[in-house]
Structure formats: structure tokens, C-alpha cells
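*Asks:* One-letter residues, chain by chain:
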Amino acid sequence: MSDAMVQVRNVHKSYVRGKQTVEVLHGLTLDIPKGDFVALMGPSGSGKTTLLNLIGGLDGPTSGEIHVGGERIDKLSGGDLAKWRARNVGFVFQFYNLMPVLTAERNVELPLLLTNLSAVQRRKSVAVALEVVGLTDRARHKPKELSGGQEQRVAIARALVSDPALLICDEPTGDLDRKTADEILGLLQVLNRDHGKTIVMVTHDPKAAEFASRTLHLEKGQLLEQAAAAA
Amino acid sequence: MTRTGFVLANLGRKKTRLVLTLLSIVTAFLLFGLLQAVNVLFSAGADFVGATRLVTQARVSFTQSLPMRLLPQIESVPGVDKVMWQQWFGAVWQENTQLIFFATDSARLHAVYPEYIMPDAEWKAFADTRTGMIVGRQLANQYGWKIGDKVPIASNIFPQQDGSKAWTFDLVGIYDGKDEEWQRSTNVGWINYGYFDEANQFGKGRAGTFTIKLTDPDRAAEVASTIDRMFENSSDETKTQTEKDFNIGFFKQIGDIGLIVRWILFAVFFTLLLVVGNTIAQSVRERVPELAILKTLGFSNGSVLAFVLAEAAALCIIGGLIGLGIATVIGIAIGGANFPIVVDGQVWVVGLISILVLSLAVGLLPALRASRITIVDALAGR
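From first to last, the protein sequence lines are chains A and B.
Those letters in the first sequence? Residues 257 to 487, per my numbering, in order.
Those letters in the second sequence? Residues 3 to 384, per my numbering, in order.
It is worth saying that the hints were derived from the structure and are not from the lab.
Below, computed lysine to aspartate or glutamate pairings styled on EDC-like, alpha-carbon distance capped at 20 Å:
#: 1; chain 1: A; residue 1: LYS400; chain 2: B; residue 2: GLU288
#: 2; chain 1: B; residue 1: LYS152; chain 2: B; residue 2: ASP172
#: 3; chain 1: A; residue 1: LYS339; chain 2: B; residue 2: GLU292
#: 4; chain 1: B; residue 1: LYS241; chain 2: B; residue 2: ASP83
#: 5; chain 1: A; residue 1: LYS339; chain 2: A; residue 2: ASP315
#: 6; chain 1: B; residue 1: LYS16; chain 2: A; residue 2: GLU401
#: 7; chain 1: A; residue 1: LYS398; chain 2: B; residue 2: GLU288
#: 8; chain 1: B; residue 1: LYS17; chain 2: B; residue 2: GLU288
#: 9; chain 1: B; residue 1: LYS17; chain 2: A; residue 2: GLU401
#: 10; chain 1: B; residue 1: LYS246; chain 2: B; residue 2: GLU117
#: 11; chain 1: B; residue 1: LYS84; chain 2: B; residue 2: GLU245
#: 12; chain 1: B; residue 1: LYS84; chain 2: B; residue 2: ASP230
#: 13; chain 1: A; residue 1: LYS275; chain 2: B; residue 2: ASP379
#: 14; chain 1: A; residue 1: LYS290; chain 2: A; residue 2: ASP419
#: 15; chain 1: A; residue 1: LYS398; chain 2: A; residue 2: ASP431
#: 16; chain 1: B; residue 1: LYS16; chain 2: B; residue 2: GLU288
#: 17; chain 1: B; residue 1: LYS126; chain 2: B; residue 2: ASP172
#: 18; chain 1: A; residue 1: LYS339; chain 2: A; residue 2: ASP419
#: 19; chain 1: B; residue 1: LYS246; chain 2: B; residue 2: ASP181
#: 20; chain 1: B; residue 1: LYS215; chain 2: B; residue 2: ASP247
#: 21; chain 1: A; residue 1: LYS463; chain 2: A; residue 2: GLU427
#: 22; chain 1: A; residue 1: LYS400; chain 2: B; residue 2: GLU292
#: 23; chain 1: B; residue 1: LYS215; chain 2: B; residue 2: ASP230
#: 24; chain 1: A; residue 1: LYS398; chain 2: B; residue 2: GLU292
Work the whole structure out from these sequences, hints included.
*Replies:* And the structure:
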């Protein structure tokens, strides 16, 4: 158990949509070791993003257990889960989700407002994070003054700044052209290889998945490997 | 960056909307400051006089005068110490500036209103100079009058024997109030009743009101009732009340100022509530994904609630303080001796409380909504 960053055990997840209850994940079990770079692929509705949200503590399972970094997160209350996310997970989304009113450096600094760091320490951490993503010279620019690739680099810097062990990336290159996408994926590879970050990435793009160390396929709420074994 | 910096940055995201909303808050609090000051002014006029004096007026209205022959009868009532009479002069300065002037007897004024402080020599000069007048310090300062000036003052009611409404008086004294509150009421001028009554063309031998100084304030009700009973069923029925009640009644001739002010402010703040409340709600609706990201990053529901409430409060505080500040400046600029509008500490305290209540009223619902956003749904655009 100590080598696994993420342990998902017999997780079911269902949503109520109107009068219907839709079960998205059906008893899914999964281990992701520390330092792994996993790509999750599968058709729309297969449960990729749902699984990602559960691992990232953005949502809770209907049943089953989820352990991340040795901590069981499916039992945490809303407030404790928020604190846990702030300490342990960085998020990168398809549409960057930066605060348009803040400059790049302020966006990166935002998660640090939840820490006890002084203003000077925060500035140092922000500078390091922006340097890692190669965006030091654009620190004072607001998101609308940046290209899509630069915005995503700011989002990655924001995800990195509090030094979490786990990065959750939901279609991080879905809104970028091939060249820029490859640069972003290369950056994620560096973060995984050189900085030891465990990365779980959802993607539809097989070329993007090639940057990961391994690819898992989901279909109808189950990992294909497990579905095959069950069959 | 601090959390405050983040709140202010969000506040300024739509400049035009911010300016228009701020303008509406500034206007509301400007109105609030000025109207509240008027309200305070009118109620203060009644509060500080105490209950040591009664005022007797004609029962129908104080605009009807009473004959001077009532004086000895009023003086004879047990509990009455001194009686003074006064007649509204209807004074007009220069083009059309109305002044508060009364005709009275100098010695009785001195005896009934010991709160007016003036050197004995000036009281004597007032008594000895038929065309003499005394004015309060505020009035003298406002018009730059000095002792020895001949001051032309018209009356919009009383013509002289030759039909002219132009009168001229010799300024022989300037009085002060015994304390700060009385100093605020030194916006009144007094002329000699003897001269006025002789030179005046009509309505001779009559007084607008009698002001009675009591031997014992506790006997006010008894004395008032005795006086009114004395003139019951006569051609000159009276209404006697404490000076405070008289002053309140005087202002109520204009209308119930407090009630009018409250209704106007209610309308203003109700409209403001809708305008600012809608602005904050709209701002939250537009930012649902951003608020979800805050939660994703680890900000708690309470933090998100606090951010939205702080935005509403910042908007109301900035607008409210500017509005009250402008009201204070306008009060200083337009407040004169006759209408001393002062946006004072009392108005500011009520204003600050109103700002806090408004902040909560406009911010709480959108803030609660923001705090209840579900991350997964918000990010999925549901």
C-alpha cells in the first residue's frame, strides 16, 4: 500500500439526473504507484472525468474506498476535503480556468493564500513555479494577454506552486494546437520525470497518451483490463 | 496579493457596472446624510429646550394671534414665574431671504430666556432703544452685522403706518447661547414690541404666543390646563403646551419631517437593495466556474461565502462613505444660520450601521448561493 499514490477499491458512482439514476462507475478498482504518469482514455460517458474527480477529491463515491497518498479521502467531510486538496493535489483543466482579473503571477499565488507563507515566501514560490513552466517574462500579464499555451502553463504553475505530490489533468491539451499541445505534454513529462510528480491525465488524444508511462482504458464505467478479466 | 486584494480585483472586473452601481450607492447615502441631518435638526430643535417653559397659543393655530389682555390673567396662574410674549415679524432680508424675527419685550425676554447670554449694557441698550434690535451670533456672523449697524429689514406681514413694509432697526446687541446647543439656536433676531406695536399699521395689541417660565417644571401639566380652562368658551381659546411640544408642532405644520424622511429613505434604500442586490447576484452568476475553481484549489465554502460578502460590503462601504462624505461637505456649504444642516456624528453612526445592514442584505443571498456551488456541476456547466 505504501508504494501506491492512488488506490481505488470497488468504487461505484451514480448520479441522479432528474428522475433517473445513472451509474457511471461500476465497482472500479485501480492502483497508481507514486511517480507514475497515467493516461485515462475512453469514449465519452465512460467515466474518465468522474474517476478523475473522485481521485482529486472533487466528488465522493457512492460506495467503495479511495486512498490517496495513504489517506482515505472518501470519508473526509467537505471542509476537510478542501484542506486536503489544497495540500495534496494540483489541478489542470482543458480551459485553463484562470481568474481573468488577476495577472499570471497572482493566479499562481492564489492557492498560497491558503498557507501560512509570508508575502515574500509566496513571491519566491510563484517565481519558481513560473520559471519551471518557462513563463517568467509573462508574469505581469493577465490571461487575456496570453496565448492558449501560455495560459495552460500558468494553470500548470498554479497547480505546482504548493508542491503537491499528485497532478490531476483533465484534457490539458484539448483546446490547443498540436505543437503547443506537445510542448505542454513535454512539460508534464518533465514534471513527472524530474520532479517526481504523479500525474493522472484524462485525454481523448492517443498522441497525448503516448507521453504518459502507461494508458488505462475505461468503458462503461470499468477499466477494460478488469472487464476482460471478469469476462 | 492578499485576500482583500483579491476581493478588490474582482470588484473592478466590469468598470462601467462598478461605476454605475457605486453612483447609485453614493446618491442614496448622499440623500440619506442630508435627510437624516434635516431630521436631526428638526428633532434637536425640540429636544434641548427642556420642560421649564410653556407656550400658550391660539387654540385654532399659532398663526392666529391672541390679545395682550390675556397677559395679566396668565401671570396670575399659580406656578407661573415670568411671562413673555412674542409676535412673528415675518422678516425679509434684502431680496427674499426670510429671517426668524420676533417682536418682544426686552426685559421679559431676558427673564424668560436666561440661556441667551449678552452683556448687561447690551440688554440695557435694547430696552432703551425703541428701534433697537438684538440678534444671535450665528445671524450676525452670517450677514456680517456689527453693533451700531442700521439694518434695513422688510416685513412680509406688517406694514408701517405709511404703508411701507420697509423697516430699519439699530443693532444694539449680539447674544450667544449658554452652551453649544443653545449656540446653534442663535439664529433669531428680536425687536422691541413697543416700537413695533406703535409703528405697525394693524393687529395692534396682539401677540402670537405667550411664553411662560414656570416656578416648578413638575407643575407644567397643571399650569397648562389651568390656563386653557381659563379661556375656554371665550373668543380667544388657548392651547398651552411645553415649549418642546410647541416646537414639534411648529415643524409639523410643514409635515411630520421624521415620517417624510423615513418614507423617502425607505424608497431610496428599497430601490438600492434591488439595484445592488441584482448587481452582486449577476456578478456571482457570471463567475460560477471561477468560484468552483476557488473551491477546487482548496478554499472552503465559508471562504467563498466570505469573498462574495466582502465584495458586497466593499461596494457598499466605498459608495456609502463617499455619499456620507459629500453630504457632510454639502451640509457645511449650504447650512446657514437659519438652516444649520450638520451631518454630525449621530448621522454618521446611523449611516455606518445602514452600510453594514445594506451589505448583508445585498450580499448574503448571492454569497450563500456561491458557497453552495457544487464543483463538479459548475465545472461541467450544469
